[in-house]
Amino acid sequence: MSPRRFVGALALVLVVMSGAAAAQSTRTPFDRLALDSPEAAVARFVDAFRQRDYVTVYWILSPAAQKAWTDDFFAFNMEPLIAKLPDGRASEIMRTAFPPMDQWDQTDVSWVFDRVMVTAGAAGALPVQMPQNGAAGKPQPRADGAVTIGFGQGATAVKFRLVRAPSGQWRVFSVSAGGGDPDRAPWGLGKTD
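In the working numbering, each residue's number is its place in the sequence shown (first place is 1) plus 17.
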């Protein structure tokens, strides 16, 4: 290959790669979430939670939090997933949330998460109650590289623990309230929840 053709081919590859990288950055709804700071991730999470857009809430969870939720769900362990209900109500939520498989619109885990959250909300059993007012506090660094951010004030305040993904984006590892455990993903439900 002549030097001129080589340079031309190299230039073409670089143009294609730079265009693909630019298109890649906003290619999917997840890519458009803009989770470039802990504060931005908390703001997007709170906004999605308040709008009952639990698919987006799931996408903002860290991979470890998503795995923890999925592991508990597929083990039929509802205790870490929804607020404590009287005996038998958790199984009622499961029956309501999940018709027979041939009646499902999706099998994607984010859709399953959404179904559980919507049904839990209708039963008054969301794992956390998001404050209707307030703003994210200042990020507090942790020794493990994560950060914690409080949101809201007083009895309704929640605490977010966020981790940085390999992409550099910030994702929510856990949300806890009222003495809950911030190390328990994704919902740091307290002992009395």
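Don't read these hints as lab results, they were simulated from the structure.
There could be a bad hint or two in this list.
[Stated by the list, open to error] Derived SDA-like pairs: lysine to any residue, alpha-carbon spacing no greater than 20 Å straight-line:
{"hint": "1", "residue 1": "Lys176", "residue 2": "Phe91"}
{"hint": "2", "residue 1": "Lys176", "residue 2": "Gln83"}
{"hint": "3", "residue 1": "Lys155", "residue 2": "Gln83"}
{"hint": "4", "residue 1": "Lys84", "residue 2": "Ala182"}
{"hint": "5", "residue 1": "Lys155", "residue 2": "Arg44"}
Outcome of the hint check:
no. : hint           : result
1   : Lys176 x Phe91 : 26 Å, violated
2   : Lys176 x Gln83 : 18 Å, holds
3   : Lys155 x Gln83 : 25 Å, violated
4   : Lys84 x Ala182 : 14 Å, holds
5   : Lys155 x Arg44 : 31 Å, violated
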